[in-house]
Each structure stands twice: as C-alpha cells, then as structure tokens.
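Q: Sequence:
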Amino acid sequence: ALPIYASVSGWYSRNEKTSYKLIDGKVKNTFKHAFQFDASKTATFLKQHAIAKGVDHVQDHIIDIAVGIQGIKSLHTKSGTVIQGDIFIDCSGLSRLLISKLEYQFNSASDYINVNSAMLFALENDSRPKRTLGVSIARNHGWNFEISTRNRIGSGYVYNKDQVNEDVLIAELSKSYQQPVKKIRTINWKPGSLNQV
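For what it's worth, our numbering labels the leading residue of the sequence shown as 22, then goes sequentially.
Only pairs whose alpha carbons sit at most 30 angstroms apart, straight line, appear in this in silico DSSO-like list of lysine-lysine:
{"no.": "1", "residue 1": "Lys38", "residue 2": "Lys62"}
{"no.": "2", "residue 1": "Lys203", "residue 2": "Lys62"}
{"no.": "3", "residue 1": "Lys49", "residue 2": "Lys68"}
{"no.": "4", "residue 1": "Lys203", "residue 2": "Lys151"}
{"no.": "5", "residue 1": "Lys62", "residue 2": "Lys211"}
{"no.": "6", "residue 1": "Lys74", "residue 2": "Lys49"}
{"no.": "7", "residue 1": "Lys47", "residue 2": "Lys68"}
{"no.": "8", "residue 1": "Lys99", "residue 2": "Lys74"}
{"no.": "9", "residue 1": "Lys151", "residue 2": "Lys42"}
{"no.": "10", "residue 1": "Lys49", "residue 2": "Lys38"}
Source of the hints: derived by calculation from the structure; they are not laboratory data.
Work out the full structure, taking the sequences as your base and the hints as a guide.
A: The structure is reproduced here in structure tokens:
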C-alpha cells in the first residue's frame with residue numbers, strides 16, 4: 022500500500038477526495054491534477070459558446086482540400102461551399118483528414134508500444150460506483166480503463182488488434198465483471214508521433 026501514499030494525489034485517490042476547497046467564497050484548487058471530459062458534451066458546449074460569440078458554424082462534408090506553398094488554402098465541401106482561411110486546425114482525430122494532404126513525417130512507435138486499438142464497451146447492468154479518479158486494470162491482452170462522468174462510466178480495453186480477437190476480450194471482460202459485456206465500438210490507431218505538429 023506504500024506507493025498510493027507516496028504523494029498527495031495518492032491520498033486523494035485512495036480516500037475518494039478532491040483537492041477543490043471553498044476559500045473566501047470561491048472554489049479553488051489546492052493541488053494540480055488532470056480532468057476527464059465527456060467529449061460529446063464538451064463539443065456541444067464549445068459550439069454553443071462559439072456561436073454566441075459570433076463564430077460561424079458550418080456543418081458539411083469535406084470533399085477536397087486545396088494546398089499551396091504555405092499549407093492548406095481552402096476546404097471544398099459537399100454542398101459546394103469553399104471555406105478559405107489563414108489557419109486550419111485538424112480536429113479529425115486519428116483520420117488526420119487535413120494533415121494527410123500535407124507533407125509530414127510520421128515516426129512509428131510500434132516497436133515500443135504494443136497496443137493499437139481500444140474496444141469501448143458497456144456493462145449490461147452497470148452498478149459500479151462512480152469514482153473521482155480514472156481506473157486502469159491489467160488484463161491478459163493489454164489493459165482496461167474506467168472513467169467516471171456524472172451519468173456513466175466510460176470503459177474500454179486497450180490491446181493490439183494484430184494479436185487477439187475481440188471475442189476473446191469480451192469473454193475475458195464478461196468473466197471478470199461477472200455479467201455480459203456489450204461492445205460499443207473500436208478505435209484503431211498507429212502508435213507514434215508527427216515530426217512537426
């Protein structure tokens with residue numbers, strides 16, 4: 022039990038506490054730590070906030086990307102709209118929709134990182150307690166995470182898709198949780214980094 026008490030954050034985690042305190046009528050953080058956000062709800066909030074500040078929100082599909090010497094010049098959409106700009110931020114995640122049109126060097130880390138997939142799942146009868154910390158559980162073919170939000174616990178099994186079938190993972194999880202596990206979706210990636218972000 023020593024490692025969990027080796028830092029203040031370990032004490033907070035073990036005792037299901039938070040470092041936020043009410044000081045002089047204001048909520049203040051007395052210790053630095055990370056946050057987990059529900060990505061869908063965060064995106065909705067940011068969209069509404071940006072629109073309220075005068076940002077134009079365009080929902081469309083990119084069918085072509087015009088590239089010049091300085092990088093991306095414009096996006097051409099399915100509706101026929103051409104979106105020009107001085108700067109474009111690729112928020113397409115692992116698909117790298119915009120970055121893929123640019124010259125870039127990808128540094129593979131597959132020789133060092135033996136995972137390339139995450140199977141997101143839900144429990145049929147989820148009675149796990151919500152926690153103030155993320156949980157990592159060692160598994161036969163990788164590791165399993167549990168991240169609590171206000172309304173649910175996000176769960177996934179991180180593994181190497183080239184070494185094991187998802188049916189084996191589902192059987193392992195169902196036995197461990199002692200109930201049926203339902204696959205939600207799978208996210209695949211190539212471990213590594215870009216030479217230039």
